[in-house]
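> Letter by letter, the chains look like this.
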Amino acid sequence: MIQCAFYLAPDGKFLDQLNMEQIKNFLATGKGLLWVDMENVTNEDAELLSNVFCFHSLAVEDCISKNIHPPKIDDFEDYLFIIVHGINYHIQSEVEETTELALFLGKNYVVTSHDVPMRSVSSMLDRIQRDGRLMRRGADFLAHDLIDALVDNIMPTIEEMDEKNDQLEAEALHEPKRETLMSIMELKRSILALTRVILPQREIVNRLSRGEYALISERAQIYYRNIYDHLVRIEMLTLGLRDMTESVLSTYLSSVSNRMNEVMKVLTLIATIFIPLTFVAGIYGMNFANMPELEWKYGYFIILIVMAVIGVSLAVYFRRRRWL
Amino acid sequence: MIQCAFYLAPDGKFLDQLNMEQIKNFLATGKGLLWVDMENVTNEDAELLSNVFCFHSLAVEDCISKNIHPPKIDDFEDYLFIIVHGINYHIQSEVEETTELALFLGKNYVVTSHDVPMRSVSSMLDRIQRDGRLMRRGADFLAHDLIDALVDNIMPTIEEMDEKNDQLEAEALHEPKRETLMSIMELKRSILALTRVILPQREIVNRLSRGEYALISERAQIYYRNIYDHLVRIEMLTLGLRDMTESVLSTYLSSVSNRMNEVMKVLTLIATIFIPLTFVAGIYGMNFANMPELEWKYGYFIILIVMAVIGVSLAVYFRRRRWL
Amino acid sequence: MIQCAFYLAPDGKFLDQLNMEQIKNFLATGKGLLWVDMENVTNEDAELLSNVFCFHSLAVEDCISKNIHPPKIDDFEDYLFIIVHGINYHIQSEVEETTELALFLGKNYVVTSHDVPMRSVSSMLDRIQRDGRLMRRGADFLAHDLIDALVDNIMPTIEEMDEKNDQLEAEALHEPKRETLMSIMELKRSILALTRVILPQREIVNRLSRGEYALISERAQIYYRNIYDHLVRIEMLTLGLRDMTESVLSTYLSSVSNRMNEVMKVLTLIATIFIPLTFVAGIYGMNFANMPELEWKYGYFIILIVMAVIGVSLAVYFRRRRWL
Amino acid sequence: MIQCAFYLAPDGKFLDQLNMEQIKNFLATGKGLLWVDMENVTNEDAELLSNVFCFHSLAVEDCISKNIHPPKIDDFEDYLFIIVHGINYHIQSEVEETTELALFLGKNYVVTSHDVPMRSVSSMLDRIQRDGRLMRRGADFLAHDLIDALVDNIMPTIEEMDEKNDQLEAEALHEPKRETLMSIMELKRSILALTRVILPQREIVNRLSRGEYALISERAQIYYRNIYDHLVRIEMLTLGLRDMTESVLSTYLSSVSNRMNEVMKVLTLIATIFIPLTFVAGIYGMNFANMPELEWKYGYFIILIVMAVIGVSLAVYFRRRRWL
Amino acid sequence: MIQCAFYLAPDGKFLDQLNMEQIKNFLATGKGLLWVDMENVTNEDAELLSNVFCFHSLAVEDCISKNIHPPKIDDFEDYLFIIVHGINYHIQSEVEETTELALFLGKNYVVTSHDVPMRSVSSMLDRIQRDGRLMRRGADFLAHDLIDALVDNIMPTIEEMDEKNDQLEAEALHEPKRETLMSIMELKRSILALTRVILPQREIVNRLSRGEYALISERAQIYYRNIYDHLVRIEMLTLGLRDMTESVLSTYLSSVSNRMNEVMKVLTLIATIFIPLTFVAGIYGMNFANMPELEWKYGYFIILIVMAVIGVSLAVYFRRRRWL
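Protein chains in written order, with the working numbering: chain A, 1 to 324; chain B, 1 to 324; chain C, 1 to 324; chain D, 1 to 324; chain E, 1 to 324.
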């Protein structure tokens, strides 16, 4: 489904909501700059991509298919086919998922395609609708602005993960539950999944910034280099986050075993104090005919005191050895 | 054993089930496209490969031998000898095993050889038998179609592993048994084994798509690139799966130790409550001549109440400290 | 905010605290050497960078933004834009943080920018203020001196970490507490964070020393090589430190489980000695009509001796088997 | 000690057991193919290598020395000095050890040297002694045949390790003992040691097959490539084996802790059932003057029944919670 | 401090203990071969290096400074500045430390500098003092001999570590103590530290042997290659040692938990056998008026037998289940 189609003529005239005919005309002239954004490409939309823009059938297929496609660039000489990933704000799943933006970059057009609404694309659409002159720097800069917005939108998610990590650390420290472990494992997996998307993406932006493709002007390359720097920063933060999650996991495990140990220790100590005392009581419960202590007038009280002394001494001894 | 031998003449005439003579003739003319598929190559079949096709003896030996051969390409100038791996649906073993497809790619012929029936090859054979014109794009495209089908058939296995992983996670969480651990270890090993086959395969397809070999036309290279993208996706999924298996393993281990801790804790608490009570009973079981409490009218009942108070206080205390 | 602006004329005349006009004039002549240091660049300061020095807007933006920027070099032909990291002495946080120094290196000027005061920069400013002739070796040497000071200032932090590690080892060995574990994890994270900054920094200095950039004279390259050697040394020390932290972590874990085991063992042994004794006492507490031992004159004393013998034998046995 | 010296003249005449004089003569003519095999090279043998063959003193020293030499190729222009490793069948040590074959490959001679008898070399010697024409393909093919036999002999050891692994798994599962752990660790170490020898060897064979050395004809290169493929297969199998050993180690550890937990659980449960019962018995062992139950006619029997009920209820409860 | 200064004239005349004047003269003529060895370079010695030999100030600084310098080569065209590491026999510290040898290699001189006495250097000095003709092969061979001696001296340390490892394994197996763990961790750290020095050193020797530097003659390169091979061997041994230390660590951990388990199991079993017996005794300690067994003539003896039967049955049962 075509969401938007913008055209900026070389004389600065701006058109939005172009129809199919107009798109064909502008492509034929080869002047000005055209941006077509498509959401949830159907087979009919694919006609436009295949017949009007003449894109390669494999690239068009990638736009239609709902599968995950890792980040990549395919160079078809007349145009580049780029897939980059952003964060999906619309799915509330356990593991952070990424959304793909497929982007055709030609000399004087950009065609974008995505399966779900993307925040970065729609904010760009809004801004250009208000002021068409934002497109005047050419197709390479338009593509840059889109990828840049996409990458910038990854940062809040990382911050969110960072907060979640802090919260899990507190939980692991003060009341470690089974759910805490599950959340830590999930967070760890999200971070690993993010890393696996960021790394190839960084490499792609690196290649765009190195002058490998004629469609990216030298002026634009510096700006792509800037996106590359952002991705390096995101990578560093992600790696730092991964270390912190490892550390939270250790905290959780040590916390659980600590609590268990504490319980066992105190209980065992109580048992240990009472076992000798019970033994003493057992002695004087024996029925021997001749047990002189039993006949003493204060025998019972003496034994009570003896028991108290034994109990307290053991407790003091245990405390001294820091066992209690 | 030759399973099938197809021939598509330049004029579109299609022949199936060729005999040895016909194969020799068509090879001599060097026109049209020939596909010979062999299953379980015997020494007699090898004659055909060595004498008619004139393949190198080492490559022919690889076809005959039942050993595992890692994925590879050998360039013999006139033809490429390619070994790729698919999933073996016919062996129901613990660890997922792969099957090899050996493929000779010449200018106007493709010869395939495998030890067990392969789903991807047989579906291809069926389709071409119905419509010989599927072969009209040439040998490089025919080889592409075979490898593509092989790679596509890996996906269901990954999904199966994913499901198995989910099921093992539930099992690890709710009733961890020895068998659960064994299954997790097996799944992990399957995933590692798969990774080890996918990685070199990806590299091979990459080389096929880079224009390194003259036998692959430029048009076909883009299609090989597409297989490469699939393999990258499979790799990403496999890595994600590996992380999840690690996480299931942690869940299992924590689950087992959790259950053990729970049992020990409750039992120790029960023992700890009764040990002081037994001590009290022991005291009044002593046989001292002078024990005033024993003579009190309600001494017994008072002591019973004292014991109840001690027991309940301990239980309340333990519950407060969240030990029970 | 411009902190300092120094100018050394070709004839050796030295000016400090230049105003904007003077800076413009000296840049116009293109002679002598200019060093401008800025702290906490505001939008107004950015005017100077953009309009007077004509730096690229992306580089200027990096100076203004308070985000973390990983170490990098951007080559803008007329000048290099370098970001290097030092240790931040002014933040007393858990995890060691680094501060950035952004550095523009032109043919006859150096412009430095940082967000917080930096010890290495201010000591350099002081020294030049006292003797302007320190700038006479040119812009590449001035940049070298700054980066060298920055890198040298990393060493004390590593030594501090080393000391902290030793202290934590002692703590882990003699009184392992929860806080000890937290500190070990923190130290480990600090070391990993430091490693992640040192590594790309080393690569950058390597490129500066390899003659990749025309702005670095051959004579200066050897000096940059020296900084590179320092960074290699820092890396080696950091790796050694990481190993030691791992070892402290093992010590902690083994120390905790050791103490627990020791407590449990001693207590279990005490219980085990008294349980058979209590059983013996229980036997003679039975009320059978016919229990000959009860009638013996010294029955009670014999049994006391028997109990002592049992207790001592068990204790001796346990000690022999090294359980006590 | 010279073990064998074979010579195949260009006219097909074959000589074995050459003496020193003959070797000198054939080398002087530079025609035909000579193979000299030496075991346990002494200083006198070294004379032959240094003075007759004129090999470099360092290479000769490597032949004499009993130290381990990692696989390598040294190119001395007129000849290659190759060290490859095979499995040593003659040492029955804990960790699988490898034996070295040092091989000088010249234009028309091959000189092999080893410290212990090698199965691959002796079978080759036997075969050539029976039919000298096996040497007719030239020096590069002779070297290939030797290295190929060496590499083929690694497979049985891997299969043996595989069997040992299966046996250890069964042992770990059903009766884990200290010795099991020791054997697992040993097996793991053997596998790692093997990997460390295979990897550089693979690289060496790769270089031999790439046409880097003029002494290896193009025809022979394909055969070296075949050895390379074998080594890749061995590597894959070794990696799979390593995973399996890891898995056996996990099985062992889980098995040991499982058995311990089982014992502790059952015993603790028994104790826990009897502790409350003993408490009840303790109550009625108290000597209070006024304990009405004691006077009841069937008091004793009622209490016995109460105890039985308590005991059985606890047992049922524990079984229900799956603790027993 | 200059330790020794040797000079071998082209005509074979040999001088030792040269004074400063003589050194200057020989350098001026540029003939013969000069070796100056310095220990613990002071600022005055540095004069000689800077003014007479005209070495670069940074290299001289590295000689003076007592810091650790990782292995490196700096190429100053007229001379190479090489830092290599050997084992320090003079420090008896926990973690094996390395000592540096700084080496200036010129066309006709070698200058060595080290902070502590080095066994390899002094043995070389002794040998040359006895026979100056050892220097006749030129500066590159002299440098080779020094580095070779240095590398050869690493082997005994590895053997020592190997022995220590064996001893620790025995200790871990038979009487695991806290100190054993500390020693294992230390050994592991020593091995890692050694690896980190060997690896860059290997790379440096590799570069010396590859003909990268004009000062190393082609003849000498083969000899440097030999040192490289030694370093590869040392690396392999170190890696094997690392695996063995890991295995000793596992042995220690399993040994400790094994002993603990053994103790706990036996003790728990003893307790478990006596608890039911004590319960039986408790029953007959109850004071019910009507307890028929108490009146039986042989009641007491019957119960004693019953108890013995229960105790023995439990012990037999536990032994059968292999718990005892």
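Just so you know, the hints here were simulated from the structure itself, not pulled from any lab data.
Some hints could be false.
Same chains, same label: a pair holds when it works inside one copy or across any pair of copies.
Unchecked claim - Quick list of in silico lysine-lysine cross-link-like pairs, DSS-like style, CA-CA up to 27 Å: (1) 164 x 177; (2) 164 x 66; (3) 107 x 31; (4) 265 x 13; (5) 177 x 265; (6) 24 x 107; (7) 107 x 177; (8) 13 x 66; (9) 297 x 177; (10) 66 x 177; (11) 107 x 13; (12) 24 x 177; (13) 72 x 107; (14) 31 x 164; (15) 265 x 164.
> Which numbered hints turn out to be false for this structure?
Per hint list: 4, 7, 8, 9, 10, 12, 14, 15 violated.
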